[in-house]
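J.: Please model the entire structure based on the sequences and the hints provided.
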Amino acid sequence: MRFIEDLLIEEDGQSLSDIQRHIIEELLNGKTYKEIADSYGYDEKHIGDVSRNKIFKVLSKQLGLEEKELNKSNFRWTIEKAVNSQLFFTLHKNINYCVKSPQPDTTKPIENKEKSPSETSYHDLSLAPKINRNFCDRISELEILTQRILIEKRPLISVSGLSGIGKTTLVRHFVELNLEKFEVIIWQNLKIFNCLDTIITDIFTKINTDFILNDHDKLTLFLKLLQRKKCLIIFDNVQELFSEGELAGQYQTKHKKYQEFFSIITNEIEHQSSLILISQERCSEMYYSDEKLDLLELQGLNNRAILNNLGSEDEESWLKVVQLYERNLFYFKDIAVLIQDVYHGCVGEFLQEENIVITAKIKESLTTIIKRLSPIEKQIIQSLINLKKDCSRNELKLSLDLSADDLIKGLQSLQKRYLLTKIEESEILFNLSPVFKKYIKDTGI
Numbered sequence: 001m002r003f004i005e006d007l008l009i010e011e012d013g014q015s016l017s018d019i020q021r022h023i024i025e026e027l028l029n030g031k032t033y034k035e036i037a038d039s040y041g042y043d044e045k046h047i048g049d050v051s052r053n054k055i056f057k058v059l060s061k062q063l064g065l066e067e068k069e070l071n072k073s074n075f076r077w078t079i080e081k082a083v084n085s086q087l088f089f090t091l092h093k094n095i096n097y098c099v100k101s102p103q104p105d106t107t108k109p110i111e112n113k114e115k116s117p118s119e120t121s122y123h124d125l126s127l128a129p130k131i132n133r134n135f136c137d138r139i140s141e142l143e144i145l146t147q148r149i150l151i152e153k154r155p156l157i158s159v160s161g162l163s164g165i166g167k168t169t170l171v172r173h174f175v176e177l178n179l180e181k182f183e184v185i186i187w188q189n190l191k192i193f194n195c196l197d198t199i200i201t202d203i204f205t206k207i208n209t210d211f212i213l214n215d216h217d218k219l220t221l222f223l224k225l226l227q228r229k230k231c232l233i234i235f236d237n238v239q240e241l242f243s244e245g246e247l248a249g250q251y252q253t254k255h256k257k258y259q260e261f262f263s264i265i266t267n268e269i270e271h272q273s274s275l276i277l278i279s280q281e282r283c284s285e286m287y288y289s290d291e292k293l294d295l296l297e298l299q300g301l302n303n304r305a306i307l308n309n310l311g312s313e314d315e316e317s318w319l320k321v322v323q324l325y326e327r328n329l330f331y332f333k334d335i336a337v338l339i340q341d342v343y344h345g346c347v348g349e350f351l352q353e354e355n356i357v358i359t360a361k362i363k364e365s366l367t368t369i370i371k372r373l374s375p376i377e378k379q380i381i382q383s384l385i386n387l388k389k390d391c392s393r394n395e396l397k398l399s400l401d402l403s404a405d406d407l408i409k410g411l412q413s414l415q416k417r418y419l420l421t422k423i424e425e426s427e428i429l430f431n432l433s434p435v436f437k438k439y440i441k442d443t444g445i
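Counted from 1, the sequence shown has number 381 at position 381 by the working numbering; the numbering is strictly sequential.
No lab work stands behind these hints, which were simulated from the structure alone.
Accuracy of the hints is not assured; some may be wrong.
As a list, the in silico BS3-like pairs of lysine-lysine whose alpha-carbon atoms are at most 30 Å apart [as the list claims (entries may be wrong)]:
| # | residue 1 | residue 2 |
| --- | --- | --- |
| 1 | 218 | 230 |
| 2 | 31 | 320 |
| 3 | 409 | 333 |
| 4 | 45 | 333 |
| 5 | 191 | 45 |
| 6 | 333 | 361 |
| 7 | 361 | 437 |
T.: Given below as structure tokens:
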């Protein structure tokens with residue numbers, strides 16, 4: 001708050017009004033204009049005008065952003081990024097704002113030598129997605145990543161969830177906020193390339209080290225790099241390492257070395273680095289109850305966060321669409337385009353269809369998931385479709401020609417893929433997620 005206030009005062013020399021201060025505080029807490037207006041007795045339009053014409057406009061100028069680049073959706077993220085930017089504070093030396101600097105590790109002996117050029121930082125984000133400036137509300141998840149990686153220094157954290165839920169976007173923003181916290185940052189997209197030996201060779205080729213690389217001990221040398229330097233390694237699309245047609249999280253034979261690698265860095269060696277695994281399905285390395293491991297499972301976004309950039313007056317109807325498509329931003333964006341193209345933006349007419357529409361993009365995404373399913377999972381899915389209701393495990397057992405063991409494994413695997421909803425009543429009931437169920441009804445399995 002002090003940082004923002006100093007920037008605004010630097011522009012025109014005037015202190016913040018009470019309403020400006022309230023707006024800033026509430027925007028940092030993720031509140032909408034309507035919620036702010038209701039809290040302080042103002043008109044929603046007035047809150048929006050003050051935000052855009054005073055706060056966003058001035059801060060954009062002070063932060064060197066394009067006009068309208070700063071908005072209520074990315075407000076907190078943009079401010080946090082500015083706070084972490086050493087370049088910004090170099091340009092604005094008159095702003096009296098202190099950022100805590102990392103303290104030296106007093107448990108290690110201090111070496112009396114300067115770092116050579118070969119030991120300078122190396123960041124390779126060539127395979128990372130572009131930053132999405134309209135970053136939706138994932139503030140709590142960003143805080144979890146920061147706590148686990150920077151403070152608790154956990155060696156491995158997994159970010160998992162259904163396709164399109166926002167996993168990669170979340171991690172990309174975390175990286176952008178913390179570029180200066182790591183000597184080495186490397187983003188690998190396993191959908192593009194997934195041979196671990198070749199990835200390691202490429203890393204050592206690009207980073208100037210005194211390691212002599214040979215084919216016999218590449219993994220050992222990579223582990224030494226993680227010990228010597230503070231590294232952040234991101235493996236995106238980890239599900240590409242797993243076998244199709246089997247239960248979730250089963251490694252392909254050619255990718256078993258990844259399983260060994262993940263196990264070693266979490267259980268067998270001490271080092272100062274962190275790995276982030278981004279995946280559409282879980283594997284055993286992601287959720288054993290070891291204090292060193294962590295699993296961050298993303299659920300659907302906050303309803304109103306998805307609508308922040310929509311600019312629609314019919315908010316209640318759009319909220320129904322958000323709920324209908326499980327608060328999945330990928331689903332919602334595609335449906336919003338459909339509503340604009342076919343219904344001329346009239347969301348009320350779309351809702352009169354009283355049905356979930358599966359677009360070509362959504363179908364393509366779910367078809368990819370279907371290809372990965374095991375025969376056991378397909379039988380369970382078909383049974384849930386046929387029974388047309390939330391079902392207990394016993395009801396499923398009676399309707400299927402599966403052993404109790406296979407049924408349990410199949411249910412667990414579907415949950416690892418985020419395709420199953422679990423309802424806890426007097427007994428646990430299972431069903432398919434609504435969008436996935438509609439897809440299966442339309443296309444079959």
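J.: Now tell me if each hint is right for this structure.
T.: The hints, checked one at a time:
A threshold of 30 Å between alpha carbons decides the hint, and for residue 218 with residue 230 the separation of about 18 Å falls inside it, so the pair holds. Taken as a hint, the residue 31 and residue 320 pair is honoured in the structure, with Cα atoms around 19 Å apart against an allowance of 30 Å. Taking the CA atoms of residue 409 and residue 333, the gap is near 34 Å; set against the 30 Å cutoff, the hint is violated. Distance check on the hinted pair: residue 45 and residue 333 sit about 25 Å apart at the alpha-carbon level, within 30 Å; holds.
For the given pair, residue 191 sits about 45 Å from residue 45 by alpha-carbon distance, which is inconsistent with the 30 Å threshold. Between residue 333 and residue 361 the alpha-carbon distance is near 10 Å, which keeps this suggested pair within the 30 Å criterion. Restraint check for residue 361 and residue 437: satisfied, since their Cα atoms lie roughly 16 Å apart, inside the 30 Å limit.
Of the numbered hints given earlier, the model fails hints 3, 5; all others are met.
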